[in-house]
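**Q** So the protein lines, in turn, are chains Z and Y.
First residue of the first sequence? That's 1 in my numbering, and the numbers climb one at a time after it.
First residue of the second sequence? That's 1 in my numbering, and the numbers climb one at a time after it.
One should not assume that every hint holds.
[Unchecked claim] With a straight-line Cα cutoff of 20 Å, these simulated EDC-like cross-link-like pairs (lysine to aspartate or glutamate) come out:
| # | chain 1 | residue 1 | chain 2 | residue 2 |
| --- | --- | --- | --- | --- |
| 1 | Z | K309 | Z | E172 |
| 2 | Y | K43 | Y | D295 |
| 3 | Z | K43 | Z | E15 |
| 4 | Y | K309 | Y | E197 |
| 5 | Z | K236 | Y | E238 |
| 6 | Y | K236 | Z | E238 |
[What the hints assert, rightly or not] In silico negatives: residues of chain Y with every beta carbon more than 10 Å from chain Z:
| # | residue |
| --- | --- |
| 7 | E74 |
| 8 | A159 |
| 9 | L191 |
[Claimed, not checked] A partial selection of chain Y residues facing chain Z, derived with a Cβ cut-off under 10 Å:
| # | residue |
| --- | --- |
| 10 | T96 |
| 11 | G209 |
| 12 | A210 |
| 13 | I229 |
| 14 | E238 |
| 15 | A243 |
| 16 | S246 |
| 17 | A253 |
Keep in mind the hints are simulated off the structure, nothing from the lab.
Just so you know, even glycine gets a beta-carbon here, dropped at the ideal spot from N, CA and C.
2 protein chains.
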Amino acid sequence: MRAATIRDGEIVVAEHPDPVPGVGEVLVRVHAAGLNGADLLQKSGRYPAPPGHPQDIPGLEFAGEVVGRGPAAERFAEGARVTGITGGGGQGELLTVHERQITPAPDGLDWVQAGGFSEVFTTAHDAIVTQAGLRPGERLLIHGAAGGVGTAGVQLGHAIGAHVTASVRSRELHDGVAALGAHEVVFPDLLADRDHEVEPFDVVLDLVGAPNLAVNLRRLAIGGRIVVIGVGGGAKGEINLHALMSARGRIMASTLRARPLEEKAAAARRIEREVLPLVERGAITVPVAASYPLDDAAAAYDRFAAGGKLGKIVLDLG
Amino acid sequence: MRAATIRDGEIVVAEHPDPVPGVGEVLVRVHAAGLNGADLLQKSGRYPAPPGHPQDIPGLEFAGEVVGRGPAAERFAEGARVTGITGGGGQGELLTVHERQITPAPDGLDWVQAGGFSEVFTTAHDAIVTQAGLRPGERLLIHGAAGGVGTAGVQLGHAIGAHVTASVRSRELHDGVAALGAHEVVFPDLLADRDHEVEPFDVVLDLVGAPNLAVNLRRLAIGGRIVVIGVGGGAKGEINLHALMSARGRIMASTLRARPLEEKAAAARRIEREVLPLVERGAITVPVAASYPLDDAAAAYDRFAAGGKLGKIVLDLG
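Generate coordinates for the entire structure from the input sequences, incorporating the hints supplied.
**A** Structure below.
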């Protein structure tokens, strides 16, 4: 099979042996696979795949068709349309994955959209709902709201009945984010401006890290929760624990990729129960900024790295 | 009535008008009242009492007898032995407090012990159980384990079936803390020593603040929770969010005093259900380092500030 492949820090397309499904696993013919920040880190050598996953094939999410089943795999018939997360190897024509870690592909998404669905919606749902426990009527702040996880978070927050404030750097993306359900779209500088009054936030979803910490703490409501799921802007910074105490607040930090099967399976069940119905009735969708055929994988990575896009960059494997 | 009173940063004993219970409140004849770190802060002008509480009478916990009831107060009969937390004013002969914020004084504690019970056990239980969700078999680290909240936390952790590691600076207090149920008592320096291998902790109870943050993060288990309920050692310090992400960890920070009645009442109900039975069957107790009559309140504060004690300093109001 062919796959996007990391060679000396670059993305090429290369041949690999077809994977063989193990106990409880299915073999998936991948139709589409989204790109994520972790793929860029892995490409540059800074985020190796967990053990048991191909080290040189990136890709944390995929959509495709079940074309084989390993021993004891019984949740999906051959031909079933599925989508899911994997610890790596999503961006190849074939993939093996444990059947409990994936979900049916929801009606209402085409292959490309389904390929960019699982990682970002699982990440956003786990952070906002499972961890931070967002409730209707709460105020949710999402940094980097135009990206993959950001657009998922905006839509989930809106569907839950929260008030969603989206922070977006590029002015040309503000209208698109508002159309996804953000009650207001602001520039990051506005939140940092001490003279600008903002009603405090109950939940903050942050992918930037240390540079946002002071603003997040200053803008936190009593009982507020900050969920850090990325440190693209830097990991180390000053924290004022007195401010966190005064807010009776929490900082939660998390990654999805390193979790054991049982936690990933539990997250997949929550997606089935709580998110797929929203997709199926059209309440949320997967905005795709651009898709690229597998042969243009390197161009897809360049586009992803350039930023300034609304939603996902997805490899279309046909 | 007479009360310990803050005058120009010093503790004196002064006359005050008798308080009158409002709707839902009881009037308590205080028999004993513990000292806490917040009293020292308030004495030095750095922690004013919340609105509705006397600003010049310190005291966050008390035990006494109900001697009057305001309109609609019906939980306790006159003569009932009660203990509880208050936003301030605990260290006077009379006190008014909402009846839902207090609990029966448990059998098995004398007045002095009961006077030093509520604030520290409510604080420790709220932090370790309600917030951090400590489970049997988990590893609990308690910094400053010889103090009031520390000795409460050690005993609660032991009673829950956790493995309790107590960090205590004074060697002469190690045996006393071990006798309360700590599986091991260590010096703070040992935890800070990078060459010393320690199995990581699921829950860390911290009253020191910023100086402990790096050690707490380095020693945190996957899914671990750090609960910060004091910043006596400093509030501002560097945090490594990448380390927190890798641990999929949480930093929770909290204070009890500023919470609204409904939250304090809910905490009191949890104490009734989960902690009073442990006291009544002798599984936990209140270690009292020293008690002082009201006239010696200033000496009690000096003793509290000096540290190096096992358990509580309590005012004995007779």
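**Q** Confirm or reject each hint.
**A** Verification of the supplied hints:
| no. | hint | in the structure |
| --- | --- | --- |
| 1 | Z:K309 x Z:E172 | holds (9 Å) |
| 2 | Y:K43 x Y:D295 | holds (17 Å) |
| 3 | Z:K43 x Z:E15 | holds (18 Å) |
| 4 | Y:K309 x Y:E197 | violated (29 Å) |
| 5 | Z:K236 x Y:E238 | holds (7 Å) |
| 6 | Y:K236 x Z:E238 | holds (7 Å) |
| 7 | E74 | holds (30 Å) |
| 8 | A159 | holds (25 Å) |
| 9 | L191 | holds (18 Å) |
| 10 | T96 | violated (25 Å) |
| 11 | G209 | holds (5 Å) |
| 12 | A210 | holds (6 Å) |
| 13 | I229 | holds (7 Å) |
| 14 | E238 | holds (6 Å) |
| 15 | A243 | holds (8 Å) |
| 16 | S246 | holds (7 Å) |
| 17 | A253 | holds (4 Å) |
Violation of the numbered hints given earlier is confined to hints 4, 10; the remaining hints are satisfied by the structure.
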